[in-house]
Amino acid sequence: MSTAALSTEQAPAISVPLRFFVIAPLFLILAAFILATNSVNPFADAHSPALLAATHCITLGFMAFIMFGAMQQILPVMIGSPMPGMARFSLLPLLTGTLSLAGGFVLTNPALLNLACVLLGLAFLLFIAASLISLIRAPAKNASRVAILLSVLTLAMAVTLGIWLARGYATGLPLDYPNIASLHIKMALGGWVMLLIVGVSYQVVPMFQLTANYPKWLSDNLAPTLFIALLLSLASTLSDATTLQALAEGVLCALAGCFAFVTLRLQSRRRRRVADATLNFFRLGMIALLCAAGFLLSAFFSGQLRTLSLIIFILGFALSVMLGMLYKIVPFLVWFHLFRGGMKKGVPNMKEIIPESLMRGHFWLHAATLLALLSALFRHQFIWLVMTGLLLQGILLCIALYTAIAVYRRTRRNAEEVLS
Amino acid sequence: MSTLADYMSTDHKSCDEAFALAEDAVYAGDWVTAESAFNAFGKDMARHFRREEDVLFPAIMNANGPQGPVQVMRMEHAQINELIEQMAASVVTRNAKSYGGLSETLLIVMQQHNLKEEQILYPIADRILAVGREALIDRLKAV
Chain L
6 MSTAALSTEQ APAISVPLRF FVIAPLFLIL AAFILATNSV NPFADAHSPA LLAATHCITL
66 GFMAFIMFGA MQQILPVMIG SPMPGMARFS LLPLLTGTLS LAGGFVLTNP ALLNLACVLL
126 GLAFLLFIAA SLISLIRAPA KNASRVAILL SVLTLAMAVT LGIWLARGYA TGLPLDYPNI
186 ASLHIKMALG GWVMLLIVGV SYQVVPMFQL TANYPKWLSD NLAPTLFIAL LLSLASTLSD
246 ATTLQALAEG VLCALAGCFA FVTLRLQSRR RRRVADATLN FFRLGMIALL CAAGFLLSAF
306 FSGQLRTLSL IIFILGFALS VMLGMLYKIV PFLVWFHLFR GGMKKGVPNM KEIIPESLMR
366 GHFWLHAATL LALLSALFRH QFIWLVMTGL LLQGILLCIA LYTAIAVYRR TRRNAEEVLS
Chain G
3 MSTLADYMST DHKSCDEAFA LAEDAVYAGD WVTAESAFNA FGKDMARHFR REEDVLFPAI
63 MNANGPQGPV QVMRMEHAQI NELIEQMAAS VVTRNAKSYG GLSETLLIVM QQHNLKEEQI
123 LYPIADRILA VGREALIDRL KAV
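The listed protein sequences correspond, in order, to chains L and G. Residue numbering for the first sequence follows this note's numbering, beginning at 6 and increasing consecutively. Residue numbering for the second sequence follows this note's numbering, beginning at 3 and increasing consecutively.
Incorrect hints may have been included.
So the derived label-pair ranges between C-beta atoms look like this [what the hints assert, rightly or not]:
(1) 70/G to 229/L: 26 to 34 Å
(2) 16/G to 172/L: 53 to 61 Å
(3) 19/G to 407/L: 55 to 63 Å
(4) 24/L to 133/G: 43 to 51 Å
(5) 52/L to 70/G: 51 to 59 Å
(6) 244/L to 12/G: 47 to 55 Å
(7) 146/L to 134/G: 35 to 43 Å
(8) 97/L to 80/G: 33 to 41 Å
(9) 369/L to 134/G: 26 to 34 Å
(10) 20/L to 91/G: 46 to 54 Å
(11) 369/L to 91/G: 53 to 61 Å
(12) 42/L to 91/G: 33 to 41 Å
DSS-like mimics (lysine-lysine), calculated; alpha carbons at most 27 Å apart, straight line [said to hold, decoys possible]:
(13) 15/G to 143/G
(14) 45/G to 143/G
(15) 45/G to 356/L
(16) 15/G to 356/L
(17) 350/L to 45/G
(18) 99/G to 45/G
(19) 221/L to 146/L
(20) 146/L to 15/G
(21) 45/G to 15/G
(22) 99/G to 356/L
(23) 99/G to 15/G
(24) 350/L to 99/G
(25) 15/G to 221/L
These are calculated hints, taken from the structure and not from any lab test. No residue lacks a Cβ here, since even glycine has one placed at the ideal position from N, Cα and C.
Let's have the full structure, built from the sequences with the hints guiding it.
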């Protein structure tokens, strides 16, 4: 068992996760801009190039940036193993790759799509390799490690399928687009995002609110069963076994619903009564996950519900949980790096780094964006409200992150002046 | 048979409970209860640190256990103590805002510290101190 892992030196410099975090909200703004300028209506056409561009701005531009940054920070604590430095070199190819992909879709430009395949392939290769090295070296053999490992494996599958699709679009290959796209979405959302959030939740839900631990029957079995259901989905789609495909989808929905339900229950019985923005974001995220699972199960009756389920999963579940995590991680990082730098007095506490009113305001704005999304199902014109919500959220998150960085810089400058 | 990991993790949980009681009282504006709950929390933490620094860590070192992790844990204890001292000052001045911010900070520092101990250090201790573990647990209880 490696014990060298347990060293504070494994915490990366504050700039490592923050560089990923500060780019993320810019992509929310870009997504809103693409949706607005191309008059997209996801409920009328779920495959329009502009919608694909905006979606990838959110999933790659926002979500991947947050997850890449956060994993480099939390893996050392959660599984006792730092991520090799090569992970941080994924930033530039991820940034340029996502921009090329979005550009390639909006401008229907094959050269940009091809370029995106190379750049994103490189970014994910670096990140997946670094994650696997960290996971294999991990001294802690816990349920989180299993879930994160499976999440990285499904990410590799999602990326492979995504590159295959993008190459197909670029070259006009006659691929089975609907089925490959469906698998790509399942692996990316049901696999990578879901499994990562599950693995991280096992530790942060009890930690942030002092809840009981997740029940052992759930933490031991959820991630492996989800992974098997995803493989079943893959096999049944490739072999055209539609009944099995529906069954796998049902299992995925049931597992996601079960996770959301247990999390909400744990949080309702939390020992720490103080409610904060993070808790609100998490709860909203879990309610959205329940809705997404329910809508997908009912998609048999209407194709629109399938689209709604996907959007609720991305904006309602994944985005909520990630925002909740960010509003806890960023203040902690600023405090930790100031404190570790040798300062004792004059270090602002976690609540003095990003104003609580801003975080609460963002929560309500986010909840309103989701309500607008639901209303857009009935009145498609309301999509513009969703775009406005995303735009404002991007701006607000930029303000929050730059405020935190300003506090960090100001405190360090003041301390240096005192010393000199 | 109880393990060191079980015993020490339970100790973490009882410190968490004391932490939550104090925080609840501060947010309720009940400073009399807050003061006694905070003092109880401080005592629990101090006893937990003594259990580790006076009994468990030396036992790990004597069994040729890993030095680095123990060193890091001691450093984190110092960080936690610094925060508890600052919280004590805000209890004296009855400053709920400052207490709330500090307790939020302490919670994360404390929880990630506990996580590292529970997942890495305690299992190592259970492995290398398997012989005479029960006597060691008795000594921990006596602190």
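- Item | Non-conforming hints, listed in increasing numerical order | 3, 7, 9, 10, 11, 12
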